[in-house]
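Novice: Dock chain B against chain A, hints included.
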Amino acid sequence: MDNIILLILGMAAVTYVPRLAPFFLIGSNRLPKRVDDFLKCIPVAAIGALIIPGVFNAVPEEPLAVICGMGFALIIGMWRGGIIIPVIGSVATTYLILLLSA
Amino acid sequence: MKNDVKDALNGGFPIFIGYVPPAIAFGILSKSCGITLLESFLFSAVVFAGASQFIALNLLMTGMGPGGIILTTLLVNFRHFLMSAYLSTQIGKMAKQYIFLIAFGVTDEIFSVLSFSKRKLTKTFVFVLQLSAYSGWVSGTVAGFILGGFLPEILTKSMGIALYSLLLAILLPELKTSTKAVCLVIASGILNTVLIKLDLFPDGWNIIVCIFVIAFAGSSFISPKPKKIQKKGEKVHG
Numbered sequence: 029m030d031n032i033i034l035l036i037l038g039m040a041a042v043t044y045v046p047r048l049a050p051f052f053l054i055g056s057n058r059l060p061k062r063v064d065d066f067l068k069c070i071p072v073a074a075i076g077a078l079i080i081p082g083v084f085n086a087v088p089e090e091p092l093a094v095i096c097g098m099g100f101a102l103i104i105g106m107w108r109g110g111i112i113i114p115v116i117g118s119v120a121t122t123y124l125i126l127l128l129s130a
Numbered sequence: 394m395k396n397d398v399k400d401a402l403n404g405g406f407p408i409f410i411g412y413v414p415p416a417i418a419f420g421i422l423s424k425s426c427g428i429t430l431l432e433s434f435l436f437s438a439v440v441f442a443g444a445s446q447f448i449a450l451n452l453l454m455t456g457m458g459p460g461g462i463i464l465t466t467l468l469v470n471f472r473h474f475l476m477s478a479y480l481s482t483q484i485g486k487m488a489k490q491y492i493f494l495i496a497f498g499v500t501d502e503i504f505s506v507l508s509f510s511k512r513k514l515t516k517t518f519v520f521v522l523q524l525s526a527y528s529g530w531v532s533g534t535v536a537g538f539i540l541g542g543f544l545p546e547i548l549t550k551s552m553g554i555a556l557y558s559l560l561l562a563i564l565l566p567e568l569k570t571s572t573k574a575v576c577l578v579i580a581s582g583i584l585n586t587v588l589i590k591l592d593l594f595p596d597g598w599n600i601i602v603c604i605f606v607i608a609f610a611g612s613s614f615i616s617p618k619p620k621k622i623q624k625k626g627e628k629v630h631g
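Just so you know, the sequences run in chain order A and B. Per the numbering used here, the first sequence runs over residues 29 to 130. Per the numbering used here, the second sequence runs over residues 394 to 631.
I should point out that these hints are in silico values taken from the structure, not numbers from a laboratory. Since no wrong hints were added, every one of them can be taken at face value.
Reference excerpt, derived from the structure (chain B facing chain A, CB under 7 Å, subset only):
no.	residue
1	407
2	432
3	436
4	478
5	547
6	551
7	553
8	557
9	559
10	560
11	565
12	581
13	585
14	600
15	603
16	604
From a predicted model like this one, the values you see are computed outputs, not experimental measurements. Cβ atoms here follow ideal geometry from the backbone N, Cα and C, with glycine treated the same way.
Bound conformation, chain A alone (with noise of 0.2 Å):
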C-alpha cells in the first residue's frame, strides 16, 4: 500500500528534523551562560522523567521482580559501576523471581 509508505516517510521526516535542526541551530556557537547552563541540567532532567514512573511498570504487575531488578543493579553500580554488569544482572535478577513466582 502507497499509502504506508507515504506515512512512513512523513513520520521520518518529523521525527528526523527536530532531532537535525539544533545542531545547525546551535552548532559550535558560543551560548549565553544562561543558555549553557540549562543545556547541561537536561540529562539529568530527562532520564529524571524517563525512568518514573515508568520503571514502576517495568514488568507489569510483578512489582517485586522490578524492586528486585533494579535493587541489583542499583547496588552493583553504586559499587563497582559499568554499565554491562548491572544491565544483564538486572535482567537475570528479574528473569529469577519471575521463574520463582511462577
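Specialist: This is chain B only, laid out in the frame that chain A set:
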C-alpha cells in the same frame, strides 16, 4: 579507535538488549494490523522511534488519516529536539556530514548514554553505539514479524527492565557525586508522575514540560558549584 569500539559496545549492548523485546512486539503488532513485512521493516528502519511507532499503529487501526498520525508523531518525538540541543553542545564541532547521520540516531537511550559518557564523543564511538542500538530495533522488528513471540514469555518480560536499569547505571556515577543531580532526578520523576495523573498534555509532552521546568530550575535556583569569586553586585543564588 579500538577503545572507541569497545566503549561503544559496552554502552550499546545493553541498549540492544532493551530494544529487542519492544521491537519484537512491534513486529507482531504490525503484522496483526495487516501491514506487510517490508512496511514493518521500514517503520523501524526509517523512523527509528519506539513509542511513536506503536502509537501510529494504534491510530491507523482507529482509522485516523496520515496527516493526524504524522502530527501526533511530531508531538511525541519533539523531546528529541531538546536532547539534540544538549548533544550539539558536546559534538557540535564534528564535520557536518557525520552530524546528518548522528542526528538520525538520537533516541532517549542513545542520548542518555552519550550525555553521561566520560569519554570523548568521537565519531567512531557514536556510530558504533548507535548502530548496536539500531540493529537491535530493526532486527527485533523483522524477527517479531516473521517468528512471532519466539522468546520465552518470562525472558521477554524480564528484559523489560533493561532500559530502566541502563538509565540508572548511566546516572549513578553522577548521583554519587552530586546532591543537585539527585534532587533534580527525583523532582523530574515526581513532576512527570503528577503530569501523567493530571493528563493535561498530549502524548510525549509531559516529558518536555519536565525537561523545561526541571532544567530551568536546575540552572537558576540551584547553583552547581558555588563560585569562589562573586562579582560585585551579582546576586548570589540560594
